[in-house]
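A.B. asks: Each chain, written out:
There are 2 protein chains.
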Amino acid sequence: MTTTLHPLLSGRWSTRAFDRNHVLADGEIVRLLEAARWAPSAGNSQPWRIGVAVRGTAEHAALVDALAPGNAVWAGAAAALVLVAAQYVGDDGAVRQWAEYDAGQAAAHLSVQAEADGLAVHQMGGFDADRASAVFELPEGTRPLVVIAVGRRDPDAVLPEPLAARENAPRTRMSLDEIVLAPAPTALPLSA
Amino acid sequence: MTTTLHPLLSGRWSTRAFDRNHVLADGEIVRLLEAARWAPSAGNSQPWRIGVAVRGTAEHAALVDALAPGNAVWAGAAAALVLVAAQYVGDDGAVRQWAEYDAGQAAAHLSVQAEADGLAVHQMGGFDADRASAVFELPEGTRPLVVIAVGRRDPDAVLPEPLAARENAPRTRMSLDEIVLAPAPTALPLSA
Chain A
-19 MTTTLHPLLS
-9 GRWSTRAFDR
1 NHVLADGEIV
11 RLLEAARWAP
21 SAGNSQPWRI
31 GVAVRGTAEH
41 AALVDALAPG
51 NAVWAGAAAA
61 LVLVAAQYVG
71 DDGAVRQWAE
81 YDAGQAAAHL
91 SVQAEADGLA
101 VHQMGGFDAD
111 RASAVFELPE
121 GTRPLVVIAV
131 GRRDPDAVLP
141 EPLAARENAP
151 RTRMSLDEIV
161 LAPAPTALPL
171 SA
Chain B
-19 MTTTLHPLLS
-9 GRWSTRAFDR
1 NHVLADGEIV
11 RLLEAARWAP
21 SAGNSQPWRI
31 GVAVRGTAEH
41 AALVDALAPG
51 NAVWAGAAAA
61 LVLVAAQYVG
71 DDGAVRQWAE
81 YDAGQAAAHL
91 SVQAEADGLA
101 VHQMGGFDAD
111 RASAVFELPE
121 GTRPLVVIAV
131 GRRDPDAVLP
141 EPLAARENAP
151 RTRMSLDEIV
161 LAPAPTALPL
171 SA
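Protein sequences, first through last, are from chains A and B.
For the first sequence, counting from 1, position 39 maps to 19 in our numbering; every step adds exactly one.
For the second sequence, counting from 1, position 86 maps to 66 in our numbering; every step adds exactly one.
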């Protein structure tokens, strides 16, 4: 395969081994938020809403408590937990069809910036939505989607099994022809 | 502001001025698809489904016809149109809560790779979903979300107003404190 992905994409993976002594500088947090802020969105509606809880704060402790136990065991070590929510009802009362899609884009942009900054991120869907919403007093019409652990990877961090084994498991994906909807008449050249 | 975004994020913007003579090499298309393929997703469910229509094919013509008129006027000039859909019902029949969110991430990864390759992308929500679905024979449980124009920007492309004026309009976003859900006790440092 001659198709080499940009290293910010090919190098990204979702570790669970975070350095529990690592601290994010204020400017680093702002830069991650700026990356999300400049993502594209439907009609520039910018439906993403983002909460940041830095390790050591009451909000962080409450957010760790809201995580599924299998996530709480490792995610609390990361320097910060970032809640990404979608405002799926606009201020004009109209439902935003692309709110979740666009929130995913903003989170991806944040992740790319994190990778560029030498940071690791791991997105989690396993958390109690009501409790996570309460931490940041999410307004009505806003749905929490993921909590993202952001920090520095510590390859020596001790993880319980089966999490330790997963750190070394190869990344896997479906093949391209399973995700590409190629109409028969013009089948795509899937090997380049 | 000391927060400098990575140029792949800060340099991205959604042009409407595409070079109608530019052709994407097969390998370039595969690389864009690979970028989407390696995006993260809930439980590695990989709910994105992607259709590619290269300019000059019957599928491309049909997809241009499915676009809202305000998009069709410029988007057909791009070398390819890429339909991104979310398979929101898994093969096991379970609804995938994060299907649209994850599809957004895949599209963002594709966009970052495009930027790295010197390509321009412009995502569109304005299209006839049924007709776009028909072009790629989208299976049940799959929802088309966006059509992405991918190609090379041509700064000399002639656009009708008001599109020509929009090419030169500054990019705008809400301020960080409008999107950040900062709990009062630990307000984030929003200027670094």
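Source of the hints: derived by calculation from the structure; they are not laboratory data.
Please note that a few of the clues may not be correct.
Now the in silico label distances, taken between C-beta atoms and shown as ranges [what the hints assert, rightly or not]:
(1) B:Arg146 <-> A:Gly106: 47 to 57 Å
(2) A:Ala74 <-> B:Arg153: 33 to 43 Å
(3) B:Glu158 <-> A:Val3: 48 to 58 Å
(4) A:Arg0 <-> B:Gln77: 22 to 32 Å
(5) B:Glu141 <-> A:Ala145: 22 to 32 Å
(6) A:Asp97 <-> B:Asp110: 21 to 31 Å
(7) A:Ala149 <-> B:Pro49: 28 to 38 Å
(8) B:Asp45 <-> A:Ala5: 31 to 41 Å
These stretches of chain A come out as covered by chain B in the derived footprint (C-beta under 8 Å, 3 or more residues) [stated by the list, open to error]:
(9) 8 to 21
(10) 43 to 53
(11) 56 to 62
(12) 70 to 77
(13) 129 to 143
Residues of chain A clear of chain B, computed beta-carbon distances all greater than 10 Å [what the hints assert, rightly or not]:
(14) Arg0
(15) Glu80
(16) Ser91
Using N, Cα and C, we set each Cβ at its ideal position, and we do this for glycine too.
A.B. asks: Evaluate each hint against the coordinates.
C.D. replies: How the hints compare with the structure:
| no. | hint | result |
| --- | --- | --- |
| 1 | B:Arg146 <-> A:Gly106: 47 to 57 Å | violated, 41 Å |
| 2 | A:Ala74 <-> B:Arg153: 33 to 43 Å | violated, 20 Å |
| 3 | B:Glu158 <-> A:Val3: 48 to 58 Å | violated, 27 Å |
| 4 | A:Arg0 <-> B:Gln77: 22 to 32 Å | holds, 30 Å |
| 5 | B:Glu141 <-> A:Ala145: 22 to 32 Å | violated, 60 Å |
| 6 | A:Asp97 <-> B:Asp110: 21 to 31 Å | violated, 43 Å |
| 7 | A:Ala149 <-> B:Pro49: 28 to 38 Å | violated, 49 Å |
| 8 | B:Asp45 <-> A:Ala5: 31 to 41 Å | violated, 51 Å |
| 9 | 8 to 21 | holds (count 11) |
| 10 | 43 to 53 | violated (count 0) |
| 11 | 56 to 62 | violated (count 0) |
| 12 | 70 to 77 | violated (count 1) |
| 13 | 129 to 143 | violated (count 0) |
| 14 | Arg0 | holds, 19 Å |
| 15 | Glu80 | violated, 4 Å |
| 16 | Ser91 | violated, 8 Å |
Taken one by one, the earlier hints fail for this structure at numbers 1, 2, 3, 5, 6, 7, 8, 10, 11, 12, 13, 15, 16, listed in ascending order.
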